[in-house]
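**Q** What follows is the residue order along each chain.
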Amino acid sequence: QKEVEQDPGPLSVPEGAIVSLNCTYSNSAFQYFMWYRQYSRKGPELLMYTYSSGNKEDGRFTAQVDKSSKYISLFIRDSQPSDSATYLCAMSASRGAGSYQLTFGKGTKLSVIP
Amino acid sequence: GAGVSQSPSNKVTEKGKDVELRCDPISGHTALYWYRQRLGQGLEFLIYFQGNSAPDKSGLPSDRFSAERTGESVSTLTIQRTQQEDSAVYLCASSRTGTGGNGYTFGSGTRLTVV
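Chains G and U supply the protein sequences, listed in that same order. Heads up: the first sequence at position 26 corresponds to 26 in the numbering used here, and the numbers run straight through without jumps. Heads up: the second sequence at position 68 corresponds to 68 in the numbering used here, and the numbers run straight through without jumps.
A hint or two may mislead.
Stated by the list, open to error - Using 30 Å as the maximum straight-line C-alpha spacing, the simulated DSS-like pairs for lysine-lysine come out as follows:
#, chain 1, residue 1, chain 2, residue 2
1, U, Lys15, U, Lys57
2, G, Lys42, U, Lys11
3, U, Lys57, U, Lys17
4, G, Lys42, U, Lys57
5, G, Lys2, G, Lys67
6, U, Lys57, G, Lys70
7, G, Lys56, G, Lys109
8, G, Lys70, G, Lys56
9, G, Lys56, G, Lys42
10, G, Lys2, G, Lys56
11, G, Lys67, G, Lys56
12, U, Lys15, G, Lys42
13, U, Lys57, G, Lys67
14, G, Lys42, G, Lys109
15, G, Lys70, G, Lys2
16, G, Lys109, G, Lys2
17, G, Lys109, G, Lys70
18, U, Lys57, U, Lys11
19, U, Lys57, G, Lys56
20, U, Lys11, G, Lys109
21, U, Lys17, G, Lys42
22, G, Lys67, G, Lys109
Just so you know, these hints were derived from the structure itself, not from any lab.
Between the sequences and the hints, there should be enough to build the whole structure, so can you do that?
**A** Written out as structure tokens, the structure reads:
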């Protein structure tokens, strides 16, 4: 079993739809949870980060963490064509010496159709 | 600089040749990471620098891979005797400290193709 599982999609939705993206993980040592957005031929860009279980909202984006189920989600409200990208979940735990190596999901490719 | 800068953006090399990839982190960022992203795969951790020391090299796939960093500045990733399976996008990221709570800033990557 991989440490982080993420459905690669692709996921295609109409403009204005609510999008739900999810990841599951197996390593209970993970402490920090992040979502990155990656446009084609660009590096990943940090969208959201959370530490504890619960919800965190930022504009049209809501990140949700359920540590008991080892499950994280990203919701996008009122989706726009500019949201079309690959979304990567990432999580980290201390590895000592200040290293917080991130473990990434494979990414979900999202297309928002006008 | 304003962001993490990587060069070259694209590199095509013949199998067996050595390549050197460069990363210029954000000024003041002490932590620097190298990741590899193969087509259709997630990002694979390669190496972590804190300043110019590398306390975590656990992701380097073989002894053909090495990296160094000058102070808290530029880092270079060297791949010797390149193989076709080395073809990937090599991403560099930096952060202010080694904290994991707020993620890192990535560069746009170097797309390496070994022919």
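**Q** Against each hint, give a clear statement of whether it holds in the structure.
**A** Going down the list of hints, with the structure as the test:
no.: 1; hint: Lys15/U with Lys57/U; verdict: holds, 24 Å
no.: 2; hint: Lys42/G with Lys11/U; verdict: holds, 16 Å
no.: 3; hint: Lys57/U with Lys17/U; verdict: holds, 23 Å
no.: 4; hint: Lys42/G with Lys57/U; verdict: holds, 25 Å
no.: 5; hint: Lys2/G with Lys67/G; verdict: holds, 17 Å
no.: 6; hint: Lys57/U with Lys70/G; verdict: holds, 28 Å
no.: 7; hint: Lys56/G with Lys109/G; verdict: holds, 22 Å
no.: 8; hint: Lys70/G with Lys56/G; verdict: holds, 17 Å
no.: 9; hint: Lys56/G with Lys42/G; verdict: holds, 26 Å
no.: 10; hint: Lys2/G with Lys56/G; verdict: holds, 26 Å
no.: 11; hint: Lys67/G with Lys56/G; verdict: holds, 14 Å
no.: 12; hint: Lys15/U with Lys42/G; verdict: holds, 26 Å
no.: 13; hint: Lys57/U with Lys67/G; verdict: holds, 29 Å
no.: 14; hint: Lys42/G with Lys109/G; verdict: holds, 14 Å
no.: 15; hint: Lys70/G with Lys2/G; verdict: holds, 13 Å
no.: 16; hint: Lys109/G with Lys2/G; verdict: holds, 19 Å
no.: 17; hint: Lys109/G with Lys70/G; verdict: holds, 22 Å
no.: 18; hint: Lys57/U with Lys11/U; verdict: holds, 24 Å
no.: 19; hint: Lys57/U with Lys56/G; verdict: violated, 33 Å
no.: 20; hint: Lys11/U with Lys109/G; verdict: holds, 25 Å
no.: 21; hint: Lys17/U with Lys42/G; verdict: holds, 26 Å
no.: 22; hint: Lys67/G with Lys109/G; verdict: holds, 25 Å
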